[in-house]
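Asker: Each chain is listed here by its residues.
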Amino acid sequence: MEDLKRKLLEILGEMHPDVDFESCSALVDQKVLDSFDIVTLISEINDEFDVVISADKIIPENFNSVDALCRMIFRIMEENE
Amino acid sequence: MENNVLSYLDAIVKKVPNKTAYANEKEGYTFLQVYEQSRSIGTLIHKKKIYKKPVVVFMEKHPKTIIAFLGVIAAGCFYVPIDDEMPKSRIDRILNNCKPDLIICDESTKEKAKKLPFQGEICLYDEMIKTKEDADVLRWIRQKALDTDPIYIVFTSGSTGVPKGVAACHRSVIDYIEQLSEVLQFQEDTVFANQTPLYFDACLKEIYPVLKFGAAMYLVPKNLFLFPVKLVEFLNEYKINTICWVVSALTMLSAFGTFQIVKPKYLRTVAFGSEVFPIKQFRIWRETLPEVSFTNLYGPTEGTGMCCYYHVERPLEENEAIPIGRPFQNTEILLLDRENKPSEEGEICIRGTSVTLGYYNDPEKTAEVFVQNPLNTAYPEIIYRTGDIGRYNDYGELVFVSRKDNQIKHMGHRIELGEIEANVSQIAEIKLCACIYEEEKGKIVLYYVGEIAEKDVILQLKYKLPRYMMPNHVMQLEEMPFTANGKMDRVLLKNKYKGEKKYGRSET
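Protein chains in written order, with this note's numbering: chain A, 1 to 81; chain B, 1 to 508.
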C-alpha cells in the first residue's frame, strides 16, 4: 500500500509539481485535477499497476485524494484476484 | 440570398420566438431573448463608433457568450473569443495581434480584463444588454454589409510560438453551415450537446444550425467530461440527439465501459473529428448504438471548420483508419506533389468558398499557405495548403497519410510542437529543448538540457502554455542527441522514451 501511494504521488507530482497532494482531500471539488489529468491518471494507473478503472468507479469521491485513489486501486486489485 | 449569418436569426425569431435556443444546466435563452440582447449589444457597439473592427469577447463558457458573438456581428464587427483557460502570455499576444477597441466581459472575467495590456474600453455584458436597440442603425449596418467581411478571428497554434489568427467571412460560414446541415441532416427538433470550447471554430457546428433551424444547443458543464456515467445521464436528461465531439471525448465513454452501466437513449447523430478514432473504440460505439449515424468530419480552421465528411457505413478493418471521405459540395480537394502537380498521394489543398480570408495582421504567414492555385494561371484563385498528406484508397475515399511538419493532434487539439519548444526556450536556464509526440499512448514529451529542475520547468510552462499543450512528461538530459547533419535527433528521443516506458518509471 505504501509503495502504491509513493508511486501515485510520483505520477501526480509530475502533473502538478506545485500541489501538495498528500494534504489535499478535494482534488476534484477544488478543480486541482481537470479532465486532462483524470484521463492521464487513469492511463498511467493502467500502465503502472495493470489496473483497469471502469466507468462506475470514475466518480469524484474516488479522485478527491491520494488515499481515496489508493483505496480504489487496492479494491480493484483485490477484485481481480 | 443570405449574405449575413444574422439572416438566420431574423427569420427564426418570427417562427419560434419562445423556443429555447442556447442553454446550460442552469438556464436557457429563447430565440427572442437572443435576438433582443444581440441587437442591444450591436446598438451599443455602434454608439461607441466601433465598426468593421475586431471586438474581443472574454467571458466564461455560457449561452450569453454566444449572444455576445451575435451582438458583435450585429454591430458590423467581428468577434475574437478569448477564454480564462488561456494563459496570460497567449492572451497578450492575441491582443497585440488584433488591437481591439473593446472587450466584452462578464462578472467572472472583469477583474482579469482590467489587468490586460489593453488601451480600449471594457464593457460588461449585463450592462450592454440594457441599451435600447436602434433599429435604424442596425438596418443601415446590414444594408452596408458584405458577405466577404470577416465574422470572427480564432487563434490556432503557430510553430514559432506566436498564435495565428484565422479570419473567416460570412460567406464561408454560411456555405459551411448549409453543407454541414445537409450532410448531418439537422432539423428543428435537433438538440445538440456542445463539448468544444467557444473560442475555436468547432462550435460553429452548433451555434449557427441552431439559428438556421430553430434547434437547441446545450453547453455541457466541463467537469462532466471527467465523469463518464454522469455525462451520459446529462445526455439523457436533456434528450440530446446530436453530438459533434472530438474523438477523445467519445472514447472517454467507450474505453471505460460506461455503456455497460448507462446508454445514451436519444442519440441519432454522432459526428466526430480532429483526430483518429481508434477502431476498437469506434466498434463499441456502433455496437452500443446500431441505429445511430456516425460521421467522420475533417477540416482545418483555415477551411472554415470542416470541409470533408465520411459516413461510416461499410465495415472497417481492424487496422484501417476511418477515411476522410469526400469534400462537402462546393468544396474541392486537390492532392499536390512536391512539384505542385496533381498526384495520387500529395498535400491536401482546399479550393472553394470554405477557404478563409487568411491570418489576421500576418501577411507573411498567410502567403506561405494561402496560395494561388498552381493549376490555374488564368486568374487569381486562392487555395489553402493544409500540410496534411492524403491519398485515395481502393474505394475512392480520401484517407489521411501523414503530416508534412511537426503539427500534431492531441486530445482533439491542433498543436505545433514548435510552439511548445519556442515557449520552453524562453526559460532562461534552458539551453536546448526538443518536443516529441508518442502517438501510441498520446503523450507529449519534452526533453531539455539546462540547469533547471524538471518540476520548475513545468511550473514555468503553466504560465506560458494553454492547458492542452502542457507536456505529459518533462525530462532533463545531460546532452541533446544530434543526427549526422546536425539536427536534434527526434527519432532517437522517441525510441528512448518508448524504451524507458517499457521498464516502468521507478527504474529510470
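You may find that some hints are simply not true.
[To be verified] Label-pair distances were calculated between CB atoms; the ranges are:
no., chain 1, residue 1, chain 2, residue 2, range
1, A, Asn80, B, Glu111, 14 to 24 Å
2, B, Glu60, A, Asp18, 16 to 26 Å
3, A, Asn46, B, Leu32, 22 to 32 Å
4, B, Asn495, A, Glu10, 44 to 54 Å
5, B, Arg268, A, Glu2, 42 to 52 Å
[Said to hold, decoys possible] Here are some chain A residues the structure puts well away from chain B; computed CB gaps all over 12 Å:
no., residue
6, Met1
7, Ser23
8, Cys24
9, Ser54
10, Asp56
11, Lys57
12, Phe63
13, Val66
14, Ala68
15, Cys70
16, Arg71
17, Met77
18, Glu78
19, Asn80
By construction, these hints were calculated from the structure, which means they are not laboratory data. For every residue, glycine included, the Cβ atom is placed at its ideal position computed from N, Cα and C.
Asker: For every hint, state whether the structure bears it out.
Answerer: Results of checking the hints against the structure:
no. : hint                            : result
1   : A/Asn80 to B/Glu111: 14 to 24 Å : violated (50 Å)
2   : B/Glu60 to A/Asp18: 16 to 26 Å  : holds (24 Å)
3   : A/Asn46 to B/Leu32: 22 to 32 Å  : violated (50 Å)
4   : B/Asn495 to A/Glu10: 44 to 54 Å : violated (23 Å)
5   : B/Arg268 to A/Glu2: 42 to 52 Å  : holds (51 Å)
6   : Met1                            : holds (16 Å)
7   : Ser23                           : holds (17 Å)
8   : Cys24                           : holds (16 Å)
9   : Ser54                           : violated (5 Å)
10  : Asp56                           : violated (5 Å)
11  : Lys57                           : violated (8 Å)
12  : Phe63                           : violated (8 Å)
13  : Val66                           : holds (16 Å)
14  : Ala68                           : holds (14 Å)
15  : Cys70                           : holds (16 Å)
16  : Arg71                           : holds (18 Å)
17  : Met77                           : holds (17 Å)
18  : Glu78                           : holds (19 Å)
19  : Asn80                           : holds (15 Å)
Violation of the numbered hints given earlier is confined to hints 1, 3, 4, 9, 10, 11 and 12; the remaining hints are satisfied by the structure.
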